[in-house]
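As they're listed, the protein sequences go chains A and B. Every letter in the first sequence is one number past the one before it in this note's numbering, and letter 328, counting from 1, is 328. Every letter in the second sequence is one number past the one before it in this note's numbering, and letter 231, counting from 1, is 231.
Everything labelled a hint here was simulated from the structure, so no lab data went into it. Just to be clear, a hint being listed does not mean it is correct.
[As the list claims (entries may be wrong)] Below, a sample of chain A positions facing chain B; criterion: calculated Cβ distance under 10 angstroms:
{"hint": "1", "residue": "13"}
{"hint": "2", "residue": "92"}
{"hint": "3", "residue": "120"}
{"hint": "4", "residue": "122"}
{"hint": "5", "residue": "125"}
{"hint": "6", "residue": "133"}
{"hint": "7", "residue": "146"}
{"hint": "8", "residue": "149"}
Cβ coordinates follow ideal geometry from the N, Cα and C atoms, glycine included.
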Amino acid sequence: MAAIEIENLTKTYRVYRKREGLWESVRGLLHREYRDVHAVNGIDLTVEKGEFVAFLGPNGAGKTTTLKLLSGVLTPTSGKAEVLGFVPWQRKNEYRRRFALVMGQKNQLWWDLPAQESFRLHQQIYHIDPTEYEKTLKELASLLKVQKLLGQPVRELSLGERMKMELMAALLHSPEVLFLDEPTIGLDVVAQHDIQNFLREYQERQETTILLTSHYMKDVAALCKRVVVVSGGNIVYDGSLNGIIDRFSLHKVISLQFAEDQLPGDLSRFGDVLEIQPPKAKICVERAQVPYVLNRVLAEQSVEDVSVEDRPLEEVIAQMFADTTEEHRPNQLTEEPTEF
Amino acid sequence: MASSPEVSISPGEAITTWKNWFSTHWTILKICLEERLVYRGDFALGTLMRFLPIVTQIFLWSAVFSTLPSTNQNGEAANIQGYTYHQFVAYYLLTMISRAFSSMPGLASGIAKDIREGAVNKYLIQPIDMMGFLFLNRVAHKLVYYLMAAAPFALVFFLCRDFFSGWPPTETLLLFFLSLIFAFLLGFLIEATIGLIGFWFLEVGSLLFIYMLLNFFFSGHMFPIDMLPGFWRTLVELIPLHYLAYFPAAVFLGQIEGDALYRALFIEACWIIALLFINRIAFYYGVRRYSGYGG
């Protein structure tokens with residue numbers, strides 16, 4: 001059974017467009033220009049129970065808006081969505097007790113109190129059975145290695161520690177669906193790694209359905225088999241992470257190491273030369289051309305070592321983002337006077 | 001599993017539901033209390049500062065009355081619009097108590113800030129009612145304040161005991177207490193609703209300023225509103241602001257009695273219910289407009 005079903009979901013914001021300058025600000029009092037921003041532009045998506053799905057996309061692609069729609073913070077402009085059989089924006093308490101949203105940039109804990117006070121509040125508002133609560137609390141605290149920090153005011157915790165507490169608070173009621181909006185943003189490598197490990201272990205154990213947005217490819221590579229790429233409010237790719245390379249990367253990188261001080265000839269006739277550091281060189285070659293180029297190089301020169309690799313994932317995705325954003329750049333301008 | 005609302009609830013379940021409700025709200029209150037107690041330094045200072053205006057009021061009115069002959073041509077004690085010097089001071093001391101119940105520092109601006117910065121998300125995601133939560137938070141806020149302020153208040157009233165002509169009868173005292181509770185509810189609902197306007201305007205600073213200004217003049221904070229001439233007095237009595245400072249003080253001083261008192265309390269209760277509805281409606285529609293700013 002599908003945990004999340006989204007059909008033609010759309011969210012349009014009307015934003016006030018202010019031109020530069022003081023005079024324009026004054027003019028703006030009487031006459032306003034609005035621009036429609038299609039944050040989410042007719043998305044269809046089905047996520048099965050127990051899937052761990054990554055949402056990728058450039059800033060402003062509509063990832064966070066989608067998560068906000070699915071957690072009932074926003075009401076869509078049109079379209080349908082059901083999570084666990086509930087319409088999120090009706091905000092039924094039965095639904096709210098079965099999912100959680102964690103935002104890397106938002107704090108849900110009480111700033112001046114120790115995290116355990118916030119947890120106690122969660123126990124009450126989520127109606128968690130006291131023995132169940134104690135058990136989950138212990139488990140989560142030991143998985144995240146934060147047992148000693150529970151009694152410390154949240155404002156005194158480091159960003160990484162705070163994020164772990166946020167995760168704990170969100171998981172105390174064992175949600176069936178979890179939305180994670182950039183949970184590792186701003187964290188150092190160690191804390192990022194801790195959180196990745198924790199999420200992987202937790203998801204394997206609980207089989208929670210998780211939707212994750214992140215800008216760190218490492219998060220995604222470590223956690224998600226399925227990747228959904230969003231750009232300009234549309235889904236542009238849905239499949240495996242490696243599939244992105246197959247589909248969007250038309251080039252491969254050939255690394256060559258030549259014998260002794262033999263200088264390579266003109267390599268640029270084969271493709272883009274990425275770097276030359278004799279006796280090594282790297283060239284970027286169209287995928288279809290790889291066998292031909294290898295043949296030629298090996299025949300013409302004495303090569304000690306050779307390897308053929310895909311372009312780095314980050315580069316491929318950056319390229320894909322750049323391409324898709326250009327296609328989908330929304331720019332409808334509607335001009336309306338506002339009454340006073 | 002999700003329980004559907006159509007399922008009939010047995011008495012046993014109903015009791016559990018109520019127990020849950022009570023223990024949830026009790027926990028919220030306790031945690032809010034703990035949070036407020038973190039700021040005890042700020043609170044102590046705030047409490048002290050509250051007593052400064054009353055000192056200036058006492059000096060002001062003593063200066064005003066010193067220019068009047070001590071008795072007028074009818075042989076009565078000097079008075080302005082029926083208020084003697086002692087009555088003025090007693091009135092101001094009492095409005096200080098009314099305002100300790102009805103003033104809601106930071107409530108409206110806090111709600112508007114939560115809306116602007118997206119902190120409302122939390123209340124929408126968690127199975128919790130934002131207004132109910134803020135209400136308990138404010139109750140905790142006030143309880144901590146009374147705890148801190150009780151001793152200084154008692155001291156001030158003890159020092160100023162000569163301005164009063166003894167304790168009012170028990171019934172009046174009880175109704176005075178009721179009028180204070182009502183003042184708290186009314187003050188909360190007015191400010192909370194102004195805060196919710198933030199869903200439409202984002203910034204409610206100037207609106208709040210206008211409210212503060214009206215409040216200052218028409219709640220009786222500045223002067224007893226029964227001093228106003230006929231038309232203005234009727235107007236001021238039509239809007240509920242006078243319940244926030246003037247009314248409890250007038251009840252204590254015995255200026256409103258009998259049927260008139262009960263009628264006024266009834267009208268105040270109606271205002272509270274009406275504002276509760278307006279507040280819920282504003283929240284309902286506001287959330288639909290909300291864009292979950294930030295992040």
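(message) Hint by hint, where does the structure go against what was stated? Just the numbers, ascending.
(response) 6, 7, 8
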